[in-house]
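Number of protein chains: 4
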Amino acid sequence: MSSIKLAVIGGGSSYTPELIEGVIQRVEALPVSEICLVDVEDGKEKLSIIEGLSRRMVEKAGLNIRVRATLDRREAIRDAHFVMTQFRVGGLKARARDERIPLKYNVIGQETTGPGGFAKALRTIPVILDICKDIEELAPDAWLINFTNPAGIVTEAVLKHTKVKSIGLCNVPIGMQYAVAESLNAKPEETYIEFAGLNHMVWGHRVYVNGEDRTQEAIAALIEGGSATMKNIIDTQFSSEFIQALNVIPCPYHRYFYLKNTMLEEEMKSSKTEGTRAEQVMKTEEELFEIYASPEMDKKPEQLEKRGGAHYSKVSLNLVDAIWNNRKDIHTVNILNNGAISNCAPDVSVEINAVIDSAGAHPITFGAMPVELNGLMQQVKSYESLAVEAAITGDRHKALLALTANPFVPDANVAEQMLNDILEQNKSLLPQFS
Amino acid sequence: MSSIKLAVIGGGSSYTPELIEGVIQRVEALPVSEICLVDVEDGKEKLSIIEGLSRRMVEKAGLNIRVRATLDRREAIRDAHFVMTQFRVGGLKARARDERIPLKYNVIGQETTGPGGFAKALRTIPVILDICKDIEELAPDAWLINFTNPAGIVTEAVLKHTKVKSIGLCNVPIGMQYAVAESLNAKPEETYIEFAGLNHMVWGHRVYVNGEDRTQEAIAALIEGGSATMKNIIDTQFSSEFIQALNVIPCPYHRYFYLKNTMLEEEMKSSKTEGTRAEQVMKTEEELFEIYASPEMDKKPEQLEKRGGAHYSKVSLNLVDAIWNNRKDIHTVNILNNGAISNCAPDVSVEINAVIDSAGAHPITFGAMPVELNGLMQQVKSYESLAVEAAITGDRHKALLALTANPFVPDANVAEQMLNDILEQNKSLLPQFS
Amino acid sequence: MSSIKLAVIGGGSSYTPELIEGVIQRVEALPVSEICLVDVEDGKEKLSIIEGLSRRMVEKAGLNIRVRATLDRREAIRDAHFVMTQFRVGGLKARARDERIPLKYNVIGQETTGPGGFAKALRTIPVILDICKDIEELAPDAWLINFTNPAGIVTEAVLKHTKVKSIGLCNVPIGMQYAVAESLNAKPEETYIEFAGLNHMVWGHRVYVNGEDRTQEAIAALIEGGSATMKNIIDTQFSSEFIQALNVIPCPYHRYFYLKNTMLEEEMKSSKTEGTRAEQVMKTEEELFEIYASPEMDKKPEQLEKRGGAHYSKVSLNLVDAIWNNRKDIHTVNILNNGAISNCAPDVSVEINAVIDSAGAHPITFGAMPVELNGLMQQVKSYESLAVEAAITGDRHKALLALTANPFVPDANVAEQMLNDILEQNKSLLPQFS
Amino acid sequence: MSSIKLAVIGGGSSYTPELIEGVIQRVEALPVSEICLVDVEDGKEKLSIIEGLSRRMVEKAGLNIRVRATLDRREAIRDAHFVMTQFRVGGLKARARDERIPLKYNVIGQETTGPGGFAKALRTIPVILDICKDIEELAPDAWLINFTNPAGIVTEAVLKHTKVKSIGLCNVPIGMQYAVAESLNAKPEETYIEFAGLNHMVWGHRVYVNGEDRTQEAIAALIEGGSATMKNIIDTQFSSEFIQALNVIPCPYHRYFYLKNTMLEEEMKSSKTEGTRAEQVMKTEEELFEIYASPEMDKKPEQLEKRGGAHYSKVSLNLVDAIWNNRKDIHTVNILNNGAISNCAPDVSVEINAVIDSAGAHPITFGAMPVELNGLMQQVKSYESLAVEAAITGDRHKALLALTANPFVPDANVAEQMLNDILEQNKSLLPQFS
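Chains as they are written, first to last, in the working numbering: chain A, 1 to 434; chain B, 1 to 434; chain C, 1 to 434; chain D, 1 to 434.
Hints in this document: simulated from the structure, not taken from any laboratory. Among the hints, a few may not be true.
In this list, chains with the same sequence are indistinguishable; a pair is considered to hold if it fits within one copy or across any two.
EDC-like cross-link-like pairs, simulated, lysine to aspartate or glutamate; straight-line CA separation at most 20 angstroms [said to hold, decoys possible]:
hint : residue 1 : residue 2
1    : 93        : 45
2    : 163       : 213
3    : 165       : 213
4    : 328       : 357
5    : 5         : 59
6    : 398       : 28
7    : 269       : 130
8    : 160       : 321
9    : 104       : 286
10   : 427       : 286
11   : 104       : 265
This is chain A alone, in the form it adopts within the complex:
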């Protein structure tokens, strides 16, 4: 176990340079000897650009890390220590459809949590299960670090249907940690938030700075919206009274759940002006790849910040570090509940603080989710578990029940219409439904 092989599935992603930078920065702690970037035929060109940039970055750092790009996923997975997944089935075009379809029905078009995320789950789960079969065969001791959204649902599919050691990741909790720290004039590394909930629906239940409970100050800061960062992450559209009543830190995505009307209106408007988020990202991506392709470029370009995904590499490589070096650090991850949230089913995925060591992620016991949060958590969890079943069986009935259970969907009739639309527009990408 003296050197690490990383396999990056979806290696042609515009995020990859951040990952490469992270590897370079952690060279002391993480003896990476090989990074194998995989992508599909369609992403060949981008993959090649990323490969070039990555090599230049490694070279500049003077490191002896072999960077390879391949379309042969099995080759990449073979003997890997960590398989990192950040792929997007159908690419940004599919995402654009995911965001547009719901809007036709006056429903929020969000790519991870609404019907859009549902479509994405249907496309993604069969692929990740295929990847897991390869891991089981070719690298049975490898850790699967999944970033592919909807991360909570994808992780649950892997936990329930494979034997692969797997952890789901998201940059939302770390973003909240940084924002809350800033609002309290504290250092992020001294700020600890007790997180528990679901992916993209996680609450910060208590905030500690150097062990001191500063939850009430953090909530007050959230209400005042004094901190620019805080505003950015958790917008002040929440009323003061609601935040006071809730008395925990919501995550940015909670706006979609607690402020449905407002968010739908905003989405509607922007979809008519600057386009949906996917449509905007497509442009950013184009620009990014032009920059990446330049033979002079040998570092992570500043323009990547615009793309979002802040802390992405920090979150994933800190996790790799904690596993590889048996650190027993605490990270917020998507894993099997196993009773950590006592009134949630034990066999589902939750997003929760966990001690990470070489044996994996060990959730810190949270106890019962309070009644004022439990209803929403249970509703979303039911939707997620149904989405896993639908994706795996290709059963239309399960899909309809999943979509009806989704809190963004007002109505079973609307669910049925959207389902038809989703299945139609994703036909070639959803073989399990044909």
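Knowing the structure of chain A, use the given hints to seat chains B, C and D on it.
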């Protein structure tokens, strides 16, 4: 224990004649010697009309039952064997407001399950707890049979905050039983439905006729909508595919949850034409009381059928019969869950089949609520438990969280506006919030 | 479904005449047209005697019931409506060994609950699973009514490892009902006991006569030991204070758990004088079969009473009646817990009151087992579940853990010695361990 | 919060010098400014000796720590940051009785887990609750670090009946860690054991050295008994097969549960020769205090090792360090289960690995206790919870049920006799039972 005293709180209700008729019909099984009708000052006149009619009915039947009307609730409760509650704090005027307020915010204005029902719960719970104090003092062995809506929430308040022996009732399950029986050309008494869920959100999980499982036929009948009764009770606005996917019998109120858009549209339309349900009922009531007042009238008038509340007396007196005569019959009631639905909190009220005997209601173990139903059940249960807390504490924050958790309410901002409206318009009836 | 076929596995048992008598008595309610008695080669002779007696009994009653004896189990099971199991693998000789082995190690030698019952479970479970395979193939709609001990363990094996509809039975609860009724000068049919626990370790938590709670009187009667029957069933060796402290009605077998020392002493003594229970029963059996064989004998002989097993036919045929006629009666049965006892695992067998109808047994929700009973229940349940695993896998380690977990076994060293002895002495009957 | 006040209840204990040594060694991490040793009138002399030795030790180390001895408990507790309890109600004489009484009834006389520990719990709980009242009033932010046995039961009493922030401690897990490490030729600090169970009944479920799973090797070493330390801690009286079957690391006290016969025999023998453990310790104590009293003695004397209680100061001061410095270290502690062991009641104490920081102890989710361990755990937990109830209410019935539930007690009759003996011999120390 040779003869029974019934106390009827809200005795001036237009439903009372049905109850009287039921008592008369069951004279062999239920040796009722006294019926004490109580109401508040405002309902004095109606109470007197009901008293007159009731006495004429009893006299006509040649029975020796003392019928009394009083404004002194404590006198009525003293030494009663059964206290039946069917009162409405604020009367139909309050109900009309409950139905109108949500519509202003594009939200379903339903008197029992939405924000309307929430307002009703806030008004009702302090009163029922007062009644319970009287029972604890004056008739500690009495059974409280509660029909007052929202029956699930009111029952939970009583279970959690008093020592009174209490069972909540609703005529929805028996209505479903009759409709399903008709759709299968079976007799209602030979038709058994496995019910489990919450009040006004109960599902029929399996249907048996004389022990034979005919669930699939009942679902097919529901889809075809062949039976007139079935149509009436569970409207065919559900799509065939949705019913097939759900694969259980929804209750009529499920339309509000599963078909929110359609139901809102309909309500909006009728509120502008024939008025809300409360406004229509007010007219019916007026007519009814004119008929009741006639000295010639000595039976339950046929016009009462129009009022709704079918089977109301059957449900409540069958329960009284099962308790008094230790029958061990199975009825569908609102009681403490106690683990009967294993993935629901043990200390909340559920609507479920239970064996009824002199010791009370013993729920039949249901097991885990299936994932496709659990999300909605949990969401509504959380709302209900929060509503109980809000009603008891008068805490605005709890009230806001309750309303936000209600599935009809799209948004915390909307919840806040509606809460202001509800508290304002019910000011004199909600002393706990002042 | 106009007439019933009963298959009786272990039909050569001396108990069978009681069953035949029961069928004859219930001819109005239960249209039995065929009784098929099956046994193994070794029991051929007894089977033939029982067949003869049964036919004479049916004939005398003037009934048209075909009584058949066969060694072909599959033939008997084919198209049966009810399969009743009362067989004993290895016969009374094996039982005698079961009772003798523990005594060598100063451990209670009880045929159902201690190491003796463990040995019996190891022998029985593979056979019952074979029977279930036949039922799944040849009579998939049949009900398996299991009387074979240890009934709780055998039932759990069937529930966990087959798809057969199955209910486990025991005559202990009905015996307690009769004894308690007598002690209260009440009729058994008016006496209702709330039973919950495990097989041969069930408690009567509350006692009602015609709906009136008379638990405290029943406990007082138990302490006074005034009733002869009560003495017989639940011996007064319990101290007054212990019964008062326990405050529920223990079952006769609880003496083995709560009065280990006394019971061991008694067993030791009687094993040296009149022999173990099995050894005594062997003699009774011999006498019985002589009587049965007489061509004049055409009814259940009185001498059968001595054999024990009172109410055996009542319990099993009442159950058959409740299922066949969809009665929704309440009986005490061994079935899947499914949350009925909320602090017990959901997927194990418990002995509990249940509503019985054509769809099977529906346990009445009990709630949490009180802490003063829960420890013992959990310990015995763990032992039982481990015994099922051991019997099915033939894994010596599981067997050792099961035996160590048994409350009669003081010590892992003793468990190991007894296990060696059990496996050695049952070698030919435990193929799974070879 | 710049300097720490420690209050040590039972400060006259012979263990105190180890604690003082520990404080001196940790002076960098723990800025202790005051150590207040409290004891009762009877322990005045010893307390004075300990005070003298402690002052000489602090002086020798050149530290500015104020060491005080007092009989005024409230004074000691006022404004303390940590209250450490290591007192023994009734002293070693009471312990000697605890150990002798059970032996009269052929029952293991262990001072913490059997009837002896039960007597100790009855004496200790009222006193610790009094201490907690003082803490609530005089130092509401203080942490109670309890070492007083039976630590699991005492901790549960504090958790259930006070608001004091409290953690129970035991040196058994650290002893196992050291022994297992030695058996694997690993460093203790690189050896991590997944502990979960109850106090003095905790299992090591998995063993990791630097993140590598070496559980099977540790079990093999245990079987071979190759390591002297291992032998000492977990004696080889366990058979190889039993340890293989169990497949986890038992704790030393498990011998009393799994090897009852052997242990009882040994105790019987030694009680007749060298005396019970308490009787031996009395002699050691006398010698120790002679040494302590010498004005030349200014360090922890080597003879203390003989007394037992290895790692005692390490365990408690590491915990104080983790709390004070918000370290998020993992320690094995006795705390509220809260769902960490999912099939154990949530509101009871368990012994489990937990993350320790300034907000307290956060148990790491363990999941369900495996069936082969669960029976014993549940039985002992029931006993412990009943013992808490008995100690608090002084209810003889509860006490009898507790004692009957204890796995060392064979029989309710024996329990009753022992209870009489315990209450009689502890009369003046058990006011709640008079």
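Taking the hints in turn, this is what the structure says about them:
With identical chains, the CA atoms of residue 93 and residue 45 are at most 20 angstroms apart within one copy only, with a shortest distance of 17 angstroms there and 70 angstroms across copies. For the identical chains of this complex, residue 163 and residue 213 are inter-copy neighbours only, at 18 angstroms across copies versus 39 angstroms inside a copy, given an alpha-carbon limit of 20 angstroms. For a Cα distance limit of 20 angstroms, the shortest separation of residue 165 from residue 213 across copies, 15 angstroms, qualifies, whereas the shortest one inside one copy, 34 angstroms, does not. For the identical chains of this complex, residue 328 and residue 357 are neighbours both inside a copy (5 angstroms) and across copies (14 angstroms), given an alpha-carbon limit of 20 angstroms.
With identical chains, the CA atoms of residue 5 and residue 59 are at most 20 angstroms apart within one copy only, with a shortest distance of 18 angstroms there and 56 angstroms across copies. In this assembly of identical chains, residue 398 and residue 28 lie within 20 angstroms of each other by CA distance neither inside one copy nor across copies; the values are 48 angstroms within and 47 angstroms between. In this assembly of identical chains, residue 269 and residue 130 lie within 20 angstroms of each other by CA distance neither inside one copy nor across copies; the values are 39 angstroms within and 52 angstroms between. In this assembly of identical chains, the alpha carbons of residue 160 and residue 321 never lie at most 20 angstroms apart, being 26 angstroms within a copy and 40 angstroms across copies at closest.
Taking the closest pair of Cα atoms, residue 104 and residue 286 never come within 20 angstroms of each other, the shortest separation being 27 angstroms inside a single copy and 46 angstroms across copies. Neither within a single protomer nor between protomers do residue 427 and residue 286 lie at most 20 angstroms apart by alpha-carbon distance, with minima of 26 angstroms and 59 angstroms respectively. When the C-alpha separation of residue 104 and residue 265 is checked against a cutoff of 20 angstroms, the pair qualifies both within a copy, at 13 angstroms, and between copies, at 18 angstroms.
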